[in-house]
Amino acid sequence: MTSPLLVWRCDGCGDVRFPRPALCGRCAARAFTAVEANDGVLEQATETVGADGAPLRLGTVRTAAGPVVIARLLAGDPGDAVRLHVRDRAIEAAS
Amino acid sequence: MMTAHELSAFGGCGAAIVGAHEAAYTRHPREGDDTTAYLAEAVAGALADAGLAPADVDGLGVASFSLAPDHAIDLAWRLGLTVRWLMDDHSGGASAVNMLQHAVRAVEAGDARTIVLCAGDNLDRAAFRTLVERYNRATAEHLAPLGYTGPNALFAMLTQRYLDAHGLTRADLAAIPVAQRRWATGNPGAVYREPLCVEDVLGAPAVAPPLTRYDCVPVVAGADAVVVTADPGRGRRVRVRAIGALHNPDHQAGDGWSTGFAQVGERLWPAAGVRPEDVDAAFVYDDYPVMALAQVDELGLVPGHDRVRWLHETLLEGRWPLNTSGGQLSAGQAGAAGGMHGLVEAVRQLRGDAEGRQVACELALVTGYGMVLYRHGACHNAAVLERLG
Numbered sequence: 001m002t003s004p005l006l007v008w009r010c011d012g013c014g015d016v017r018f019p020r021p022a023l024c025g026r027c028a029a030r031a032f033t034a035v036e037a038n039d040g041v042l043e044q045a046t047e048t049v050g051a052d053g054a055p056l057r058l059g060t061v062r063t064a065a066g067p068v069v070i071a072r073l074l075a076g077d078p079g080d081a082v083r084l085h086v087r088d089r090a091i092e093a094a095s
Numbered sequence: 096m097m098t099a100h101e102l103s104a105f106g107g108c109g110a111a112i113v114g115a116h117e118a119a120y121t122r123h124p125r126e127g128d129d130t131t132a133y134l135a136e137a138v139a140g141a142l143a144d145a146g147l148a149p150a151d152v153d154g155l156g157v158a159s160f161s162l163a164p165d166h167a168i169d170l171a172w173r174l175g176l177t178v179r180w181l182m183d184d185h186s187g188g189a190s191a192v193n194m195l196q197h198a199v200r201a202v203e204a205g206d207a208r209t210i211v212l213c214a215g216d217n218l219d220r221a222a223f224r225t226l227v228e229r230y231n232r233a234t235a236e237h238l239a240p241l242g243y244t245g246p247n248a249l250f251a252m253l254t255q256r257y258l259d260a261h262g263l264t265r266a267d268l269a270a271i272p273v274a275q276r277r278w279a280t281g282n283p284g285a286v287y288r289e290p291l292c293v294e295d296v297l298g299a300p301a302v303a304p305p306l307t308r309y310d311c312v313p314v315v316a317g318a319d320a321v322v323v324t325a326d327p328g329r330g331r332r333v334r335v336r337a338i339g340a341l342h343n344p345d346h347q348a349g350d351g352w353s354t355g356f357a358q359v360g361e362r363l364w365p366a367a368g369v370r371p372e373d374v375d376a377a378f379v380y381d382d383y384p385v386m387a388l389a390q391v392d393e394l395g396l397v398p399g400h401d402r403v404r405w406l407h408e409t410l411l412e413g414r415w416p417l418n419t420s421g422g423q424l425s426a427g428q429a430g431a432a433g434g435m436h437g438l439v440e441a442v443r444q445l446r447g448d449a450e451g452r453q454v455a456c457e458l459a460l461v462t463g464y465g466m467v468l469y470r471h472g473a474c475h476n477a478a479v480l481e482r483l484g
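Top line first, the protein sequences correspond to chains A and B. This note's numbering puts the first residue of the first sequence at 1, with every later residue one more than the last. This note's numbering puts the first residue of the second sequence at 96, with every later residue one more than the last.
None of these hints come from the bench; they were simulated from the model. Hints are supplied without guarantee of correctness; some may be wrong.
[Stated by the list, open to error] Pair ranges (Cβ atoms, derived):
no., chain 1, residue 1, chain 2, residue 2, range
1, A, 29, B, 408, 50 to 56 Å
2, B, 122, A, 2, 55 to 61 Å
3, A, 34, B, 125, 47 to 53 Å
Even for Gly, the Cβ is constructed at its ideal location relative to N, Cα and C.
Turn these sequences into a full structure, and let the hints steer you where they fit.
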């Protein structure tokens with residue numbers, strides 16, 4: 001079961017951030033609206049060992065909505081357009 | 096009535112660092128040596144180095160990831176100290192310079208006369224794992240679910256961004272661990288002391304490409320401490336000419352290698368009354384080679400931002416004194432002590448106590464960097480230190 005990645009748009013000035021802020025540093029608003037971030041561009045990727053001891057590919061993804069996130073990379077190489085979703089609280093990206 | 100030496104009606108006085116000590120770093124802590132024991136060893140050593148006793152101390156600052164559930168006040172009690180000034184700092188690698196800033200101002204204001212600052216950790220494998228996975232809320236909520244085991248992967252990607260942006264190769268950047276390891280051969284306290292060449296760094300087991308084993312700090316148990324006191328006016332001591340800081344400059348939205356250090360430098364050098372080229376040695380926070388390079392560059396030590404030339408000619412061939420202890424990359428990172436390791440080495444160099452690796456050192460730069468909030472560090476600070484006496 002996956003769900004969309006949500007990023008947060010300030011209700012006061014429209015600034016979009018991830019994770020969700022508590023106070024907008026630009027306009028002092030404290031209300032934010034969730035915005036789906038379903039697409040992005042994979043900027044860097046690396047391979048490491050995950051907490052379970054298995055290989056883990058991680059990527060830096062610049063979402064079309066604006067914020068840059070760290071995702072588990074299912075497929076893709078730097079420069080690729082990727083789709084984003086969340087599975088069990090983990091952001092995943094795939095080209 | 097204020098005397099000529101007093102800076103405030105409360106007996107404030109110019110501050111000086113008069114003692115420094117590092118409790119030996121080890122990858123194999125002895126059973127029963129907890130974090131408090133390492134901090135106590137560092138504090139005792141720094142006081143002895145300063146020629147002072149616990150009864151002389153009236154201020155304590157501590158930075159540690161593993162002192163919990165104890166805090167600075169508990170440590171004061173365990174160390175037998177009664178204090179007028181007390182500080183817990185949780186700024187990771189920036190804690191030491193942050194505490195130094197507050198300690199110097201406290202002495203100048205007359206809030207305390209003799210402050211001990213200490214930092215250290217003994218983190219076993221399980222405690223280290225918990226620390227990195229629950230480092231802050233963002234890590235617990237958005238990185239740990241990925242299977243994240245620590246910031247190596249983040250700085251691997253940051254390193255790739257930096258190499259791409261500045262036309263550097265991995266071999267160019269390898270100059271940092273190679274040059275620092277050369278210094279470590281003269282530091283009995285470093286856990287890695289065997290010389291390295293560029294091929295050794297590039298060919299070492301990958302941690303997270305492009306980073307290999309020698310691009311990552313060895314985790315050790317240990318602690319560091321310094322003593323900041325009202326300037327005694329004699330003896331070998333160190334004065335802080337200027338300190339600057341900047342935290343969360345980019346809200347985690349930037350590239351991570353355009354750091355807060357550029358802005359810190361804009362105020363630091365004028366406040367210190369010296370230029371970057373005047374420093375004899377630099378002790379920058381080297382959690383990763385890329386960050387060490389980013390700091391020296393943004394703080395003005397790389398003429399014309401010609402990084403390749405600086406790495407090969409100045410650092411490698413010229414043996415310019417960068418992190419003469421070997422840095423954390425060779426000496427080890429004892430948790431929160433990482434930020435104080437460079438400060439202790441700077442004080443030793445300035446006071447002529449760096450046997451085996453001593454350089455002529457009258458002016459030094461020390462930096463702190465840390466607290467990876469999500470993608471890269473958020474805390475940046477730097478101090479310009481000078482030798483007195």
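Structure-based check of all given hints:
Distance hint for residue 29 of chain A and residue 408 of chain B: a CB-CB separation of about 51 Å, consistent with the stated range 50 to 56 Å. Taking the beta carbon of each, residue 122 of chain B and residue 2 of chain A are about 41 Å apart, not inside 55 to 61 Å as hinted. Between residue 34 of chain A and residue 125 of chain B the C-beta distance comes to about 51 Å, which sits within the given range of 47 to 53 Å.
Hint compliance for this structure: hint 2 is the single one not met.
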